[in-house]
Amino acid sequence: MTTTAVPPTTRKDWASDQEVRWCPGCGDYSILAALQMLLPDLGVRRENTVFLSGIGCAARFPYYMSTYGLHSIHGRAPAIATGLATTRPDLDVWVVTGDGDALSIGGNHLIHALRRNVRMTILMFNNQIYGLTKGQYSPTSEVAKVTKSTPFGSLDTPFNPVSLALGAEASFVARTHDMDRQHMQGVFRRAHEHDGAAFVEVYQNCNVFNDGAFEKITGREHRESMLIPLVHGQPIRFGPEGTWGVVQQPDGRLEIVEASTVGDAALLVHDESREDPGLAFALSRLSRGPYEPTPIGVFRAVPRAEYGAEMSRQIAVAQERRGLGDLKTLLRSGATWSVE
Amino acid sequence: MTTTEEPRHHAEPQQVDRVVIRIAGDSGDGMQLTGDRFTETSALFGNDLATFPDFPAEIRAPAGTLAGVSAFQVQISDHDILTPGDAPNVLVAMNPAALRANIGVMENGATLLVNVDAFDERSLHKAGYEDNPLTDNSLSAFTVFEVPMTSLTQEVCKEAGVKPRDAERSKNFFALGLLSWLYNRPVEPTIEWIGTKFAERPLVSEANTRAFRAGYHFGETVELFEATYEVRPAHFDPGEYTQVTGNQALAWGLIAAARLAGLPLFLGSYPITPASDILHELSRRKEFGVRTFQAEDEIAGVGSALGAAFGGSLGVTTTSGPGLDLKSEAIGLAINLELSLLVVDIQRGGPSTGLPTKAEQADLLHAMYGRHGEAPLPIVAAKTPAHCFEAAIEAARLAITYRTPVILLSDGYLANGAEPWRLPDVDALPRIDPAFATEPNHTSADGTAEFWPYLRDEVTLARPWAPPGVPGLEHRIGGLEKADGSGNVSYDTVNHERMVHLRNDKIAGIAASIPPVDVDDEDGAELLVLAWGSTYGAVAAGVRRVRARGQRVAHAHLVHLNPFPRDLGDVLRRYSKVLVPEMNLGQLSRLVRSEYLVDARSLNKVQGVPFRAAEIEAAILSHLGGAE
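For the record, the sequence lines run as chains A and B. First residue of the first sequence? That's 7 in our numbering, and the numbers climb one at a time after it. First residue of the second sequence? That's 3 in our numbering, and the numbers climb one at a time after it.
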């Protein structure tokens, strides 16, 4: 490993020579651009950066990065990343996934990577639809969604990805959206800095199979009144000139109120570092879907022992106590006898 | 603890060249532990031996029922033996169910040591006996010794202040003491072992020691037995020996392989019988830098191993049948990524959950073909418990050298069976060169140095392995078809066909690096017995028996199942008859028939237990008889 200063890079240095093949107008382009523009600012090296993915439109992401990359199989990227991240603590491991990949076929791997707190930055592009298989409903699609596989409307209750991640003991959970580069970059940066598993839900528009799914909240004209920015240490308020705010009722419920009617002191102050994830969970339930005011930003960021580091620590302790393993001694660890 | 000198036997023991002992009781009775102790004492004494733990899948099936019977069989011998024995000479039965479950395999005239305390009406009923077999004359073909093991154990523990209910649990040590007397085993190693093992539970230690001594003294003082027996030390080649089970040897082989390659070892695994002991063993060995990861499922087990391999570790996953099913997709990915990966399958009875604690060899065709697309990979099979060490190193060598997943086949019989092992000289084991890529390997049209992840070695056809961290070698790989050379995604149909051939040729080409078939043929036989895996002991013993009758027969045992050794076709064609014994419905026989167009005949057994030497002998004789 080199210890010299990281050479400066530009966005171009992080783009591979492969032609980007998402549909024209896809939200993935703006996420790719946001990240490629951010990476030069993170003080990281291309050769120590790995993008891993499963299957789906989002999973093509690694091919477009000039880093090390692995496009794997459906849903398994967090498991593969666990093997890589725990054996190579010197690497920056990014997992790019979608709502189908992460929450349907890969749900099990996602929740376990989160609870273990393996150092990886998981970006989940949520477009509430299956794109690569051409338009079936996904585990985040709203109930009664009419798609090719549900001509009479879908019956499944959707997952709320932020609630799910919080329930899975995630130590870092955030949400952003593809229409705001600056917000994305801020959240990605925070996620990257987190020592452990960081989960970021990115609302992403699929203009072919689910166009406008988030338009009511992320559209330029709606954003101010429909997105609730979470800022650590600040009262939670939104709307033109902060008209609206979030308060916690005596029974524990969170409610959106007109800020002036309760006064600033009554507003809930966002604390992403609370050990108890209860309030973060309540915030994640504030909106029933992307048509009601929806919090974005960092819901939760708490320090917790990182899995790979703990694994290395156990090895270091064992080696200190017993010395470096010796093969000859190992083979003689049971009873032995000699034959002359 | 005092270690008084044991009194000498009254009469000189009778010499026997070998004995097969089966110890059976409830799965909570400590039968495996009793068997292990007897085995280790015998190993230290210098006998050759082979063991066969035979236990139910349930941890504690209802006590006293046939389903709950756990047995341990060991053959000890003064000469080189190959199997745990066909028909036991001695059965220790701790209760009626243990007697009933095992009486069928006993040879006529065998000795039965029966815990008579357990033969009450209720226990007899639970075991399905209508009459007491000890009194109804149904055991007249055997020599039965009724020993009140439970009550004598309780009696001797009472003085030490152990309650009868607790003392009852030490009755397996009484049985061990009795066996130790009967077969002239030294007592000190066991007494020392009890002292160490139960050091933190002095009362348990005391109870076990007392029970063990009581059993030993019982044999000596009660003139029940006419003689004791002695199995003298066997002749072994000079060297240092230890006793290993297959899973232990396999785990050590993985550590050794990683050392030889200079790579960190990573095991991603999900607990499954009978493979879990490899995970247990490796997780204890952190001083070797071994990273063990108990994954959320079988898929994450193999996935994490593949991720570690991408990062430059020796990535290993261990499993058994149902787990192999689940890993298939990731193994296919590893074939496409052309990354080194070791998949260890400890075969058990299938399909589905099947017989978790019983052995079978029915995963060969799955290992060979169980993936979609043209997806070849090398297959290595261990043949004895100790051979698992060598087999693990060989499997790792192929995985690392050829950048491919390798399936290493063992089975439940090898995994839990033990045998003496002459320790290899670890300094003499050949190194494995991972040969990581260090610099760009291609120049683009405009003269820029590039790294092409799929530019192959001309001899091995292996692609370069470039773990992240090296500037200039950044590359992307994935499950989509890749362009020959550059490794970029390619949907070109002609390129796909070329890649299918390249992957196939790479695996087939491994034949150049594996030794020719080792044929045991002393004198130009007409019949070749071709086998693989854990049937080794039974087949070799069966072949010896046939030769002892003055007949000729050859034996070849395959370690490499894919690709086959390059001379296998020539070897097969030298014999007019080929017999393939397998614990399946004929999987290797199918492979050699299709590959070489030889009329290989199948001998099958799928009872969850190994072949007996006698069964192999009978089959060989029948084929030699010329009836076919």
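Because the hints were derived from the structure by calculation, they are not lab data. None of these values were measured; they are calculated from a predicted model. One or more of the hints may lead you astray.
[What the hints assert, rightly or not] Mimicking DSBU-like on lysine-lysine, the simulated pairs with C-alpha atoms at most 30 Å apart in a straight line are:
| # | chain 1 | residue 1 | chain 2 | residue 2 |
| --- | --- | --- | --- | --- |
| 1 | A | 140 | A | 154 |
| 2 | B | 160 | B | 128 |
| 3 | A | 334 | B | 288 |
| 4 | A | 222 | A | 154 |
| 5 | A | 222 | A | 334 |
| 6 | A | 334 | B | 199 |
Which numbered hints does this structure break? Per hint list: single violation, 5.
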